[in-house]
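There are 2 protein chains.
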Amino acid sequence: MAESWSFLDTFEANFRPLVVIELAKGTKEETIKWLTKRIVDKKANGGAQLLVKPLAMENGDENIYLVGASHLRLLLGAEAVGLVKECNDNSMRTFTYSSRKTFKDFADDNHNFLTMAECQYIIKHELENLRAKDEKMIPGYPQAKLYPGKSIVRRLLTSGILVQIFPLHDREELKKLRHSWYGRVKVGYQPLDEIRCYFGETIALYFGFLEYFTFALIPMAVIGIPYYVFAWEDYDKYVMFATFNLLWSTVILEVWKRICAIMTYHWGTLLMKRQFEEPRPGFHGVLGINPVTGREEPVYSSIKRQLRIYLVSLPFVCLCLYFSLYVMMIYFDLEQWALDYHEENESTFSSLMLFVPSIIYAVVIEIMNRIYRYAAEFLTSWENHRLESSYQNHLILKVLVFNFLNCFASLFYIAFVLFDMKLLRQSLATLLITSQILNQFAESLLPYWLQKRHKKRMKKRMCSLKTDTDLSLVEQVNLEKEMGTYFGTFDDYLELFLQFGYVSLFSCVYPLAAVFAVLNNITEIYSDALKMCRVYKRPFAEPTANIGVWQLAFETMSVISVVTNCILIGMSPQVNALFPDSKMDLILIVALVEHLLLAIKFIMAFVIPDKPRDIQMKLAKLEFESLEALKQQ
Amino acid sequence: MAESWSFLDTFEANFRPLVVIELAKGTKEETIKWLTKRIVDKKANGGAQLLVKPLAMENGDENIYLVGASHLRLLLGAEAVGLVKECNDNSMRTFTYSSRKTFKDFADDNHNFLTMAECQYIIKHELENLRAKDEKMIPGYPQAKLYPGKSIVRRLLTSGILVQIFPLHDREELKKLRHSWYGRVKVGYQPLDEIRCYFGETIALYFGFLEYFTFALIPMAVIGIPYYVFAWEDYDKYVMFATFNLLWSTVILEVWKRICAIMTYHWGTLLMKRQFEEPRPGFHGVLGINPVTGREEPVYSSIKRQLRIYLVSLPFVCLCLYFSLYVMMIYFDLEQWALDYHEENESTFSSLMLFVPSIIYAVVIEIMNRIYRYAAEFLTSWENHRLESSYQNHLILKVLVFNFLNCFASLFYIAFVLFDMKLLRQSLATLLITSQILNQFAESLLPYWLQKRHKKRMKKRMCSLKTDTDLSLVEQVNLEKEMGTYFGTFDDYLELFLQFGYVSLFSCVYPLAAVFAVLNNITEIYSDALKMCRVYKRPFAEPTANIGVWQLAFETMSVISVVTNCILIGMSPQVNALFPDSKMDLILIVALVEHLLLAIKFIMAFVIPDKPRDIQMKLAKLEFESLEALKQQ
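Chains A and B supply the protein sequences, listed in that same order.
Throughout the first sequence, residue numbering follows full-length UniProt numbering, covering 1 to 633 in sequence.
Throughout the second sequence, residue numbering follows full-length UniProt numbering, covering 1 to 633 in sequence.
Be careful, since some hints might not be right.
Repeated chains share a single entry, so a pair holds when one copy, or any two copies, can fit it.
Derived lysine to any residue pairs resembling SDA-like cross-links, with alpha carbons at most 25 angstroms apart [as the list claims (entries may be wrong)]: (1) K257 <-> L552; (2) K621 <-> S301; (3) K43 <-> T96; (4) K85 <-> P291; (5) K621 <-> P281; (6) K611 <-> N546; (7) K42 <-> I64; (8) K456 <-> Y536; (9) K150 <-> S626; (10) K85 <-> S626; (11) K150 <-> E623; (12) K53 <-> E482; (13) K611 <-> E388; (14) K621 <-> G294.
These aren't lab readings, by the way, just hints derived from the structure by calculation.
Generate the whole structure from the sequences, applying the supplied hints.
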């Protein structure tokens, strides 16, 4: 490989800007000089060997830089990040520069061998791996300390010198993608491969899951419709419907793992070796030796972190959960009070008053959610996790539990304390439908409208200023840097997770929930697509092989739903009528059925292989080959 | 590596016999010649490059061969099987010949760098990897077909030309091991590292688990004793005891994973790469191409196998389970009949008659167990699994389910149908104690006694025949080849599994079970040690990183025991007395507590990491190093 690096030239005629670096206004000249030198410098000198060009802004500021790389540099970078691509024999292999000729569609002049998202991912990786050598601080900023091996870009970000790094949109590609994604009226599958090429695997996997989940809900919806149309109230039909739902939800979650494996195999991320994870930007501690890498970096005692988690975060979360339950109880009191008031003095005013508690409760929940989210982020950050992934997992767990309680506590209360099935059905429908409508509005349509207005204003200002040939790029960068940042798929998955809860937890009470979920998800696909393409900055691609902790969350929900559905059926008057004398027998039978269903679910999850046979074979083949290669060595 | 192979000489002055090959009597000369040539032949010519020496028997037969290898050959073999050894810096690394100097205790003249068990494992691996080249059949046996790449030894075994291959005992080492294992009266830990050196990881792990499990039962036993001594019958004490047991069993199973990881890390098997598994000897099919290796080998359709499993094996197992239940019902009828008879005409004969049903039932169960075991082996073999591991898993599952039912069905019936707690306690004690005594007798003491008698006779015959210098070796081989073969740890784990069932399933009814289990296990350690050292042929070492499917079996048992204990406590008269009016409340509370306990168990299993932090760090360090090495390449 050493010789290939020397071929590299930091200058290339057709510079293609891929990533934008925005520095703080008024960043010192020496800092800029030092940074660009490090970015451009040869790999052997500890540089990133990329290309940098300042972007001339209308106001003369020079705080925005475009980063690109030569074709050869990108190929070597692809090897460094461990990209997996398809070979000529249709198998997936880790790309290496020396074996480049064996890869499908590879040609020395084919600059589309790597997708733009991959190129941007490589550049991001190279920039983040730009490490301090003997610098003790960032030149010009003595307070921004460096130590050998510290990622320069991360220190620049934490000390506020670097405002943001983001990849540029490719207007042509985006237009094509938009057309095939949501531009056509024709109904069809989403172009997941194209989405993956443009936005990366994490986002493509979210849309893949959204689509799969929508299809998976259709059988539930189809079976649910006659219950509504014919107003079936026979308990045996409900039992059948609930049993189907419970087993079906296990099947769909297991099958998803298989489909996910197929997709990520073809995208190459299933085989991609996990890179060694760097400490997250916010991580702090005393300088020590990392026992794994032997590098000098901040070290923070794991016991201290455990203490913070179990002695502060856990009690705080419990307190919040208690408070949320308390608020719920107040809501039910208010509701009762409004009902009493309405009954006493019936008037238009009093009937309007009936809605007041619900509205207040909805607003309070929304406020509580936001405050809690803020607190959870603060606490998880204070727990000082070394890895971004463990930070994310702790944050997701905290937010998940709280949202679960907020959304479902009132329903549980209505179902298992008040025993009011009619109210349950009504509340379920109201909550499901309003939350869906509000979500879609707040999440996509409103930002889209704001974005559009902003864009128009921007364009006007631009046109009045200059008529340069470079205008389009300057304009594009200026537009995109002001766009909102997409903070990952967390909120999107959370929405689906809560929806899954509405559909499965009380499925035997409100079979129509699946129908609404399907309808919502069809529009959700479009509004999320709109959001990705129009509202937000392009996010960096994140290679991923599965939906991670969400798989576990969905599986847990499907286990809880077995319990709730069994209890609901056991409580229904029709079933109770079958056991007029002995409530005990009824409860025992319900408990027995519940245990049986749980056992079947676990056995099913165990028996269905997580990866389809042909993927298993392909993985085994690769493993066998690497073992053989090792022997040959 | 090529140069190192050429250094190898197939002749070495001090030939140390390691493995014995016993051919069928009257094996053709040309076959023997061909086989020994293949074993001795250079690696480049497709041989195994080992040393072979015929053993001159007293009757002039030449059907026993001793296999050894030069020191260098063994080191190269250690690299080929991927052995992991300790380095000078105390880290564990995969051994390679080129980096041999960095390993602890390595010296060119230190022939103890590899343990004898490791040397024998290497020779076994090399022999099994001796593959046919262009031979179409085994010379002299046209019916024993070969195809390129077929393991010669496996074909020889299946066609009966090769009677057995087994490793020789090392009398000196064995004596030392026996002394430190069970020779001293002093109580202490077992010498697990020495056991591992002599018998390999699988057996050492079994003894490690047995010891750990015994220690883990001690708290249960200690808490259980006062219940017996003071005849405590208060329900609250029982609830406390049961709750402790249920949570404790989760803790011990989780902690075992950690201890297992620590042990196997230091033994090197935690890091050992899984080798590509060959088809098991009994596997048959039409000749095709293995999609993973690309080699020609028998291929059998996976769908056919699935059909056999689900359409034949599964119904058969269900039928057997039903039959076993049926026999149990007959037993209860007989028991009732004997009781009635005794009440009608009370006499010595009638009181003796009371024992008859139990004896008949015990005998019938034993017979059924044996027939079923035979049938299960036949069926699993007929299912034609390609891999030994999948064969073993299917066999274990079949035998496990049947044994579980046979052992516990009567107890379940007594507990949950007859509601007779006194009888339950009595049956539990009888079953537990008699099965323990019988097992230890049938499994170790009886074979030991038979073996001793046989040995004496052998010795006598030997002495009367010759007084050669080589006598000791001939005598040893002759003795050992007649010893029984140890068929793996299956029966030993099964015994522990059933014991765990007796202890945990009904722990709140019979707190003394743990005491008996502890006492049994202490003697079990000794009798199993005796069995391994004195009764059986030395088994080949099997590298393994965990106890495999047994972990799952024990965990499942501990989940089932939550359910049984909750029901038992719910049924106890003391608890029932607390809810005189409403049995419904009682059942609901029991169900709630059960679900809570299950949830706590799952959360605990999730929260306790499977590997201790320092092992995780060491693994991460190795992974990081290999990633870095890959980058340097």
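Each hint, compared with the structure:
For the identical chains of this complex, K257 and L552 are neighbours both inside a copy (11 angstroms) and across copies (22 angstroms), given an alpha-carbon limit of 25 angstroms. Taking CA atoms no more than 25 angstroms apart as the test, K621 paired with S301 passes between copies only; the shortest distance there is 18 angstroms, against 42 angstroms inside one copy. Proximity of K43 to T96 under the C-alpha cut-off of 25 angstroms is restricted to the intra-copy arrangement: shortest distance 18 angstroms within a copy versus 32 angstroms between copies. Only between protomers do K85 and P291 lie at most 25 angstroms apart by alpha-carbon distance; the minimum there is 21 angstroms, versus 33 angstroms within a single protomer.
Only between protomers do K621 and P281 lie at most 25 angstroms apart by alpha-carbon distance; the minimum there is 22 angstroms, versus 39 angstroms within a single protomer. Taking CA atoms no more than 25 angstroms apart as the test, K611 paired with N546 passes in both settings, with 12 angstroms inside one copy and 23 angstroms between copies. Taking CA atoms no more than 25 angstroms apart as the test, K42 paired with I64 passes inside one copy only; the shortest distance there is 22 angstroms, against 67 angstroms between copies. Only within a single protomer do K456 and Y536 lie at most 25 angstroms apart by alpha-carbon distance; the minimum there is 16 angstroms, versus 87 angstroms between protomers.
With identical chains, the CA atoms of K150 and S626 are at most 25 angstroms apart between copies only, with a shortest distance of 21 angstroms across copies and 33 angstroms within one. In the homo-oligomer, the alpha carbons of K85 and S626 lie at most 25 angstroms apart both inside one protomer (17 angstroms) and across protomers (21 angstroms), since each shortest distance falls under that limit. Taking CA atoms no more than 25 angstroms apart as the test, K150 paired with E623 passes between copies only; the shortest distance there is 21 angstroms, against 35 angstroms inside one copy. With identical chains, the CA atoms of K53 and E482 are at most 25 angstroms apart within one copy only, with a shortest distance of 20 angstroms there and 82 angstroms across copies.
Taking identical chains as interchangeable, the C-alpha atoms of K611 and E388 lie at most 25 angstroms apart only when they sit on different chains, with a minimum of 21 angstroms there against 27 angstroms within one chain. In the homo-oligomer, the alpha carbons of K621 and G294 lie at most 25 angstroms apart only across protomers (9 angstroms), although the nearest pairing inside one protomer, at 34 angstroms, exceeds that limit.
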